[in-house]
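Student: Since each chain sits alone in its own frame, please combine them into the complex, following the hints.
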Amino acid sequence: MTKPLVPVTLMVNGERYDVSIPPWRTLLEVLRETLNLTGTKRSCGEGQCGTCTVLIDGKAVNSCLYLAIEAQGKAIQTIEGPAAGDPVVERIQHAFANKGAIQCGFCTPGMIIATKSLLQDNPKPSEDEIREALVGHLCRCTGYVQIVEAIQDAAGALAAKEGA
Amino acid sequence: MSDASHKPNYDFQVLGKPQPKKDALQKATGRAEYADDLNFPGMLHGKLLRSPFAHARIKRIDISKALALPGVRAIVTGKDFPDVLYGNLPKTRDYRALALDRVRYIGEEVAAVAAIDEDTAEDALDLIEVEYEELPAVFDIDAARAPGAPQLHDKAPGNVSTHSKSQFGDVEAAFATAHHVREDVFETQPIKHGMLEPHACVGIWEPYGKATLWSCKMSPYVVWRQLAMGLGVRPSDVRVIQTFIGGGFSGGKQEAMPMDFCALLLSKKTGRPVKFVHTMDEVLTIGHMRHPMRIWLRTGVDKEGRIVAQHCKLLANGGAYSSIGGLSIYLAGAMLNLPYRVANIRYDGERIYTNNGFCGALRGHTVVQICFARDSQLEMIADDLGIDPIEIRKRNAIEEGDVTANGLRIGTFAFRECIERVVNESGWRDKRGKLPKYRGIGIGCGGHLSGARLMGHSASAAEIRLQEDGTVNLTTGSTDVGQGVETVMAMIAAEVLGIETDDISYTMVDSETTPVDPGTFSSRVTLFTGHAVKRAAEDARDQIAAIAGEKLGVDPKDFIFKGREVINRKNDKQRAKLKDIVRWGSFQLGRMVTGRGAYTPAEEKIDFETGHGNLSPAYNPTACVIEVEIDPETGFVDVVGVWGADDSGTPLNPLAVKGQVIGATVMSIGQALYENLIRVDGKVMNPSLRDYKMPLATDLPKLANFRHSSIITWEPEGPFGAKEAGQSAGTAVVAAMASAIYDATGLRLTRLPMSPEDILFGLKAAEAAKK
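Chains A and B are the protein sequences, given in the same order. So in my numbering, spot 164 of the first sequence is number 164, and the numbers just go up one at a time. So in my numbering, spot 199 of the second sequence is number 199, and the numbers just go up one at a time.
Looking at chain B on its own, in the form it has when it is part of the complex (with noise of 0.2 Å):
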């Protein structure tokens, strides 16, 4: 590794050490406040009617009856808001708040009722009377695509939602001088995020006020400007304060929701405060889930097993609204690029609209379903020509420094180094195709960025006020999903400061107070606000060493910041506890101590068209080998063993760092096996969590196998070396799953999730080709 990935010669005073989250006693006591926990004087409960038609036209709406029950307040419906589409991305903006005169999937919300509590609003929907047109609906993207089949949006004919396309190299050419080519298709299911919070908001619309939101949203000015677009006022008449949030994943908190929208307007029209809760039922049925995929790959390999090309046909079913689609289909193909090298490259992505409910992003966003595709079919090449699967991916490996064909500038870049050390933690060596039948052992490989660059808002800021005590409000547009966002950001300004992290007190995201942020998504909290935050609280320590340096007499550049004190690092006879100097500046001088800090990557623009540019300013390579042991009576897998590494760069906390390497590849493990979204012609089956599985604790190896190895380096790009540790960990997993269990059985499984019925199905052909 060349200098840039070593860290300098800088002593930590608090970060790299574990740090207990800050907010963790506040949890475990009950007493942190989510959006379902607030309780205002007066306040009504909302409940929101759903369609049952998966494609249909609303002819008539009448809301007399539901009006006339005692205890019901007002209900809203599509025309009550303005005419307005809303969403994320300027191209795709296809959401309303309510439906207007058209449903497109079962779930979509037509009304809603305020009431004096939940069960008269629920009462209520009930006498709603709604007068459909059912029209033809399509559910999978071959029949979506077929000539004539059912429209969905007038402005997406074809029902094509979004597309991306882009080509490096010359990919024909390289093709034709390949020693072995693979084609391959791999389909992937739709999961849910299973946060447990379900979505939560309470709405004030004051009369001559402003309409201010209450809610658990990730991204909290996304729904501010979302908010102000579909109520037709200034994002400045709209205030969105942020409570805790039980957990995000991007499952639709990232954004404003038909139940925002709705509390705020029944509030305008009752003078009251409105809540909504969805039910988990609600939850599991509407729109947010992971894109289920087709993915088909073509892959020319030289006699060594180096690709020279690969191209990818990607066909994602991305339901009836675009969500963030745009930029999934885009990542999709980015990300393509990592982390092996493929100089000739074409990508062909399609997101398709059906009539079922809508996908966005989803921790690991598209990353996750590329990398099962791609390192799985690496590995099948490796059969082909007989290639030690291990050495197939070291010698595909994209190493720091190199600039892929698409224009990814690779910083810091330890993968082979991942690679080696799940190897070895996992005995790798002594068990491939070496343990007893239906016991294997396999390995997958992947990457995430550290923060996407969009075109429209990727700054961050921070500011940093210092109190007369010594201690520190700090504040960013960045929110805690729980993956340690206030404590790291702490930790930071702590660093610089020279004081500890319970000096710094983390104020929840306010869009009337808190500097402007994207939000919490794409990895890119740590690596932004990181930036953001460090540069506020150095701006902070230039005027405090102003200041202490009048008070002392010292040149303001000899000073250091340590143990809550500034010292003349020449003479530290010559020193000052830092509250006095804050004191001092604010009675005697009249300077309030202040830092602001900004961040944003200072580079070209990427071109979205063609799908070059440098995406990230840091990626992420990981590496994941597991065990499994199969039931061959109940095709079952008992996952006995996990092993991950990747490079987060720096971890500033480590504690923060193990509960998102591990939950990310929790959360995979959950998808490869067993999380599935039934839908049957547009409705969910199993909108509960006793059918919707997701990982529990009796589900996992023991702690005594189940690794995760940081490989520390220092990149250049992040505050104090770090990168992002939330998905990176997560994208290696289901792959390692498909080649532990193509080593217990011979199977090789290209369809998500590998289920026990198709275990058995496999295993059971298997044994009838034999006879």
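One chain only, chain A, in its complex shape (with noise of 0.2 Å):
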């Protein structure tokens, strides 16, 4: 069966990558299966686990909802980030890290970037903000305490460097 194919141009991780796909698949399917950037997860496909979450223009989404083509023009950041690195990203893997935040790691990489997206708008969020933050993201292993904890770490972390 041919399929349509349409050309889009993705910006992920400030590389320009120019594809050739069909027009209803989802930003997750190219992100993993086109342009080989697994870090990004596959697993509810339905937007209830949060596995799949990326930052589209600074913004947390869910990958598996979002088309492809709608991306285009807009600047998506990935778990794999920019070459150079994301400090802020690289605080908050740290934390996650040490905090024992990650057991399997399977949610991970989704919670890091929404921890990314919830610190950008709220540098000292309570503990209740960060639970409502994580509403769209599920964990079977920790029990979401060390990740709260990680979450508070790297905040506290953040602000004391903004400050210093």
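These are computed hints drawn from the structure, not numbers from a lab. A virtual CB, placed ideally from N, CA and C, is assigned to each residue, including glycine. Each hint should be verified, as a subset may be incorrect.
Claimed, not checked - Dumping the calculated DSSO-like pairs for lysine-lysine here, alpha-carbon to alpha-carbon at most 27 Å:
#1 B:Lys91 to B:Lys313
#2 A:Lys59 to B:Lys91
#3 B:Lys683 to A:Lys3
#4 B:Lys770 to B:Lys437
#5 B:Lys79 to B:Lys268
#6 B:Lys269 to A:Lys3
#7 A:Lys124 to B:Lys702
Said to hold, decoys possible - Sample of chain B residues facing chain A (criterion: CB under 8 Å; computed from the structure):
#8 Ala24
#9 Lys27
#10 Thr29
#11 Gly30
#12 Tyr34
#13 Asp36
#14 Asn39
#15 Met43
#16 Gly194
#17 Phe244
#18 Gly246
#19 Met280
#20 Ala656
#21 Gly663
#22 Phe706
Tutor: This is the structure in structure tokens:
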């Protein structure tokens, strides 16, 4: 069966990709299958679990519910991040590692991206605000306690750095 | 506590300190490759055709139209596989890679397609014609046990999939002496594992080579044997390579699944790699889930509330196939003996086949259901007799050194300390019966074993290879499913060799190269594999000491290993860097340092027929207090506080232990309150994470009111005093929730989940009864 292909240009982690894809392809599918950026995970496929979260123009989005053609002209950031490194994401990653917020790791990329989105909108979130921000993210391993602690830790460290 | 519980005079260099997971940053940066992240040149995509009927005969399958679809490369059906049944226990093997002439549940695999992409494979499924003849189906245990019920398996008359009976002491005579006897029935629901990574695999079967499977397997060697069995080849013709595992909980990743067989056979047919990934809809529809049970429990106590006799009749709705059900039912009976003393005990457990998705293990296995029933009833008895709910638990508590009626030999068991700790931490004394209306506090207790000893393969092994830079390659057959195996095993080896955790690389399981191992299940890895790693490291250490002894002219027995050095304890000027010793031994003496270690509990056999025998080297008791607030308008339960405690021996990596006990607790909160796989005539009505509700971050108490204490003991049977931590903590939670809801409302719920509807209708009925 021949599928209609459309040319699409995507800016992912600051790099330009020109691809031809069927127009119904989700951003998740294109990231994983066409661009081989497999750090963004596929799980429920219907926006419930949050494992596929990426930033589009700085906002956390479920990439499984977002058509790739819609993402044209927008800045997409995945867990693979800009090659030069994103100091905020890096701080969050270390906080997750050190606080035991990572077990199987399947929810982790989505959680970290969501944390970046949260902290950029609200650098000093309360515990309740952190929990609210995670409501679209499932984790079956940790019971969330260590994830909340990691986000508090990252927020504290980033705020201290900001103040310095 | 006796001396056995106390840590010997031993200063840890590495162990006992919180250690982040070795693979954490790899995972945090998206670099960890899970099975679905693997792509091979020329790879095809597979999809499975599933039965739409709960019970039917397959009369004809026509694949010609599907095969003609451009992009389809191959299709397999049950006839393409050897006519072999595979499975877990020799007596209960009833799986097929694909259904042959009969399907027994909605979602059972009937055919598999390999195509150039997933869309094409899915289109092809629609073109496969299957002619079914529907058969009468049966879904609940009573209907399945009734005379004349449709029969699922020829070998299982009456639809009895497996049964387990045991009796210890004179149960009837003891009941006759009882001051008070209660009979209650408890019902539990089917719940799913909820791991976020759907099952996935890639198979490559080389024309003149091996059948190689990359997959997210918790127990790769079980898969390896089952693949060989179902494909009709030698195990050595199969190779299983483990990828990162996105959560396990025994949700199918512990054994071979239809997708694994099909990936390999389709690869053989096409000469191409074939990948399968389940959708979440498939994950939630197919088998593997916690057994729903009806537990009838009769308990007799003396005047003080001490249990004198207990009789449990358990019926489990096993679904269409056996899975590990034989062990599930045995384990429920065995663990009925924990954590309370019961001298006279009788157990009759039956697992019944029905036309539902099949059941098996899930974190806590069948212990969670048993603890809910037994602990709830003990509290009901306390109420009947006017005994304090804490006191009745303490009076019945098993103690260190006990041997239970069924022969469990209890080592460290700080059960009373667990109870006291959660009572104190939660402020129980000021709260129970004293909180405002619709607010309540409750307690539950439980316990778990530290690795079940099985009839088949029970032992673990480890190998350690020293590199010339003083670092170590460590291989075992145990997998990390997120609990931190790679880290704690590295810590154990580092402790023995006097090096750092970072000096050790932990190899993932590859059946070609790693030591054979039963796998990751039953809370066995830290204890079983931990011992093997310790012994392998000691073997390597002795070899290094011998080399160092020659080089430095020191008696090898005098060396201590510390700070990446070997040091003469009698003269610390005589020292050398570990790497220099390894290099010297390797370059000058031709001695490669390779340590080996293995572990199996050296004990008498367990009699699985009578149910007698020490099932595990060690046991972990637990207690949990939960505080709830209930909305009387909606019946909704808000969990406002959780205080748990368990005795997991000496926590080798406290950071990982915390993750285990809290994770297990939260999973059980889901089981207690809302998780439920809803099925109507065998069809799953909520096969999505939108409708299958699992706990969210907002469903849990604030950090300040969510605590877990590790009561630290030194378990002599464990490596460096350690026991299990991953399952016990989840066994007390459901009863604690029932107890809290009772305290808040006066309702004693005996059916799971304890849903808002049940609470609301219960409150209304209580109101009506008052009027």
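Student: Could you work out which of the previously given hints the structure breaks and list their numbers from low to high?
Tutor: 2, 3 and 15
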